[in-house]
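J.: Spelled out, the chains give:
There are 2 protein chains.
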Amino acid sequence: MAKKKAAKKATKKTTSAKRADKGHDITATALGRTTDLDALDKKTLQLIESTARRVEVSINKRVLPELKFPIRSLSNVEYDKSVGHFELGKGRKSRALTVNTVRNFAQTLRLMAVSKEMVENDDFATKREAYYVSKNWGDAKFNEQSESDGVMDDIEALASLDGLSREQLRYFPEEHGGSLAGNLVVIDRDPETGAEIRIDCTAFGTGSYSIPHSVEHLEFETDAKFIIAIETGGMFQRLNNHKFWKSASCILIEMGGVPTRATRRFIRRLSDNKKLPVYCFVDCDPYGIANIYRTLKVGSGNAAHINRFFCVPQAQFLGVTPQDIIDFKLEDATHPLQTVDIKRAKDALKNDPFFKSHKEWIKAITALLKMGVRAEQQALAKWGLNFVIEEYLPKKLRDKKSFLP
Amino acid sequence: MAKKKAAKKATKKTTSAKRADKGHDITATALGRTTDLDALDKKTLQLIESTARRVEVSINKRVLPELKFPIRSLSNVEYDKSVGHFELGKGRKSRALTVNTVRNFAQTLRLMAVSKEMVENDDFATKREAYYVSKNWGDAKFNEQSESDGVMDDIEALASLDGLSREQLRYFPEEHGGSLAGNLVVIDRDPETGAEIRIDCTAFGTGSYSIPHSVEHLEFETDAKFIIAIETGGMFQRLNNHKFWKSASCILIEMGGVPTRATRRFIRRLSDNKKLPVYCFVDCDPYGIANIYRTLKVGSGNAAHINRFFCVPQAQFLGVTPQDIIDFKLEDATHPLQTVDIKRAKDALKNDPFFKSHKEWIKAITALLKMGVRAEQQALAKWGLNFVIEEYLPKKLRDKKSFLP
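First to last, the sequence lines map onto chains V and L. With the numbering used here, the residue at position 125 of the first sequence is 125, and numbering never jumps. With the numbering used here, the residue at position 12 of the second sequence is 12, and numbering never jumps.
Rather than coming from a laboratory, the hints here were simulated on the basis of the structure. Note that the coordinates shown come from a computational prediction; the quantities given were computed from them, not determined experimentally. A hint or two may mislead.
If chains are identical, the list can't say which one is meant, so a pair holds when it fits in one copy or spans any two.
[To be verified] In the EDC-like style, the derived pairs of lysine to aspartate or glutamate whose C-alpha atoms are separated by at most 16 Å in a straight line are:
hint, residue 1, residue 2
1, K135, E331
2, K246, D190
3, K243, D123
4, K363, E219
5, K135, D332
6, K395, E196
7, K90, D399
8, K401, E144
9, K141, E331
10, K43, D352
11, K246, E192
12, K356, D188
13, K243, D188
14, K42, E117
15, K329, E391
16, K141, D332
17, K243, D190
18, K243, E192
19, K141, E216
This is chain V alone, in the form it adopts within the complex (with noise of 0.2 Å):
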């Protein structure tokens, strides 16, 4: 399927003929990348050429094939305090081969098939794009993206109990990640050659860096002491363009709303390799706070084969907090919460096991609730364009006590 270019084929090919002589022991340096990252891709193969085995073994036996899934629904989820986020559970579903099934049952191998050789060529899809590559698959085609999409999670699921995720399928989002800006060197790699490609985010002035669609190769060097995680464009424009990251020696990252998966992984993955606490810095509403914030932290109850490489549960809620109305006068900055507030904060404190784990959050959102407003973080300029540069994040960093869990 995927066409090599002239001249980057001859390596590509060479890398791709070394590994399938060796089998499994082809070497890091031979594919010019971490060790790392090649670990996860050897895992990855041996996965997709396991479950493979095991189909052709029945097949060869006569006897019809099965591939088994976890299950993927909240009935299937276990939580546990300790661990932080949503888990799957032990349930598991199987796919035999019957006539019924035989057309899912040939598309899932196929798209396990494409993500060998994505990771033989290291190279990536989206699921839009694996909808397509389907397209010339005859009656095994795809009608809809949604059927793509539902395999594609199955596959995810299975390779989550090997501690592998759909971007080490090579099945990368749609979205790339957030803006960044700060005290941060990102090491990447060129991905014709390999070599390595250092990207220093104190130098793009008023602009800022692009959180690539995958993360997982990127290494890090920093000085800086926390992350702040950024619901909007603009409050990230305005603490980049008077440079708070040099300030208060910090790495800021523009999340637009709820964070995309890449977003979400490369939060993760900086604040683990470099111990760095993360400050979350959105809206006071039941969005910032249920679905903004939450998602960031614990993950979602939907994707619960995903959250433990997508939570950053280590992250605290700086603010705009409820007390943060009353202790910065906000009052006549706020407007008042709609019935799809209300509705999401009573969500929260009835049916959310994050929140009803947390007696600091149970009281903040009442208190919200109780208030009927809601401040959007852009309610500080009430007091000056760059107040919340020169009074409220100083004052909040100085008492991280007052940060929500």
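Fit chain L to the supplied structure of chain V, relying on the hints for placement.
T.: What follows is chain L alone, placed relative to chain V:
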């Protein structure tokens, strides 16, 4: 309002003071900026001061003051094919100071005062921030952002007559621009020191450069032959990861749907300054054609006062064209046109002066309606993930006559 930071304060105040002392005779070097930018800053200050002075003179004469703004509606729009975008007509509305208009009158003057302060301090505000700043104005505060937006649109329309955009008034869009990779050095300046910063957009590995909110001060160095403006993040990432910008000697810009103001202005300035053609690569559907491409090229009907800054009249439509669906055998990777698509296409043919004035577009849209399908740029993946790089784009770029106007 905008308090300044201790360290920065000294320099800024000096600059501000110098400016005030010398009136409009300050030199570019005193600010450490480019001549171009300074000329515009001076013009902005002149506009605000002369407007305020007229009001002051009236009041001193005991005459009720009056402000005059261009009428912002389709009834006051002129279209000239040779100009290539909608322009403001000569219609003006007056806002005299009366009991009924006093609040709005005061708000207009205060927003202009904020603008003046921001130019002097080299600061900026988003529209949302500007709304919040008013919360400290007592009776003159805005109750809804729609109010402050309306007043700002009036000021913007007024400024546009002097060739000034909202960005020059220091009101920046909430959203920054898209991502960029390729043969380009962006020359920015350090927001603190004014020192030149050179950003090499070939040096970001799998990541990319994120275009800032305001791009007026940027300069460029490039040996690229053209710019490709791309609809989706997925396609941008594919072309970037495979370094298409290197093999084709070009600059890749991700629009992410309908391009933001910053993206449009960036493309326009880069293309103007470096005489680079702009090729637009979007889905073959009425949204890609009539929303994304048309907005990029000629602007929009209800924002005629800003089109002159933000449209890219030199843009051409590379694809995916309706003819491409046939030429590249994509029929089985298409989807039926939805009702909304059909409506949008028919509207374009019937009401849109841009499409109506180009027979190639009338033919193409008519053909699309007849085929009854739409094709996404990812549909090319039917022939392999990198078919777009190895076959489609090279073939299209060899035959630029196949581009639509």
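J.: For each hint, tell me whether it holds in the structure or not.
T.: Hints, one by one, checked against the model:
no.	hint	in the structure
1	K135 - E331	between (56 Å within a copy, 10 Å between copies)
2	K246 - D190	between (28 Å within a copy, 12 Å between copies)
3	K243 - D123	between (36 Å within a copy, 12 Å between copies)
4	K363 - E219	neither (39 Å within a copy, 51 Å between copies)
5	K135 - D332	between (56 Å within a copy, 7 Å between copies)
6	K395 - E196	neither (40 Å within a copy, 33 Å between copies)
7	K90 - D399	neither (42 Å within a copy, 57 Å between copies)
8	K401 - E144	neither (49 Å within a copy, 34 Å between copies)
9	K141 - E331	between (57 Å within a copy, 14 Å between copies)
10	K43 - D352	neither (35 Å within a copy, 55 Å between copies)
11	K246 - E192	between (33 Å within a copy, 11 Å between copies)
12	K356 - D188	neither (40 Å within a copy, 48 Å between copies)
13	K243 - D188	between (24 Å within a copy, 14 Å between copies)
14	K42 - E117	within (13 Å within a copy, 59 Å between copies)
15	K329 - E391	within (13 Å within a copy, 61 Å between copies)
16	K141 - D332	between (57 Å within a copy, 10 Å between copies)
17	K243 - D190	between (29 Å within a copy, 9 Å between copies)
18	K243 - E192	between (34 Å within a copy, 8 Å between copies)
19	K141 - E216	neither (30 Å within a copy, 48 Å between copies)
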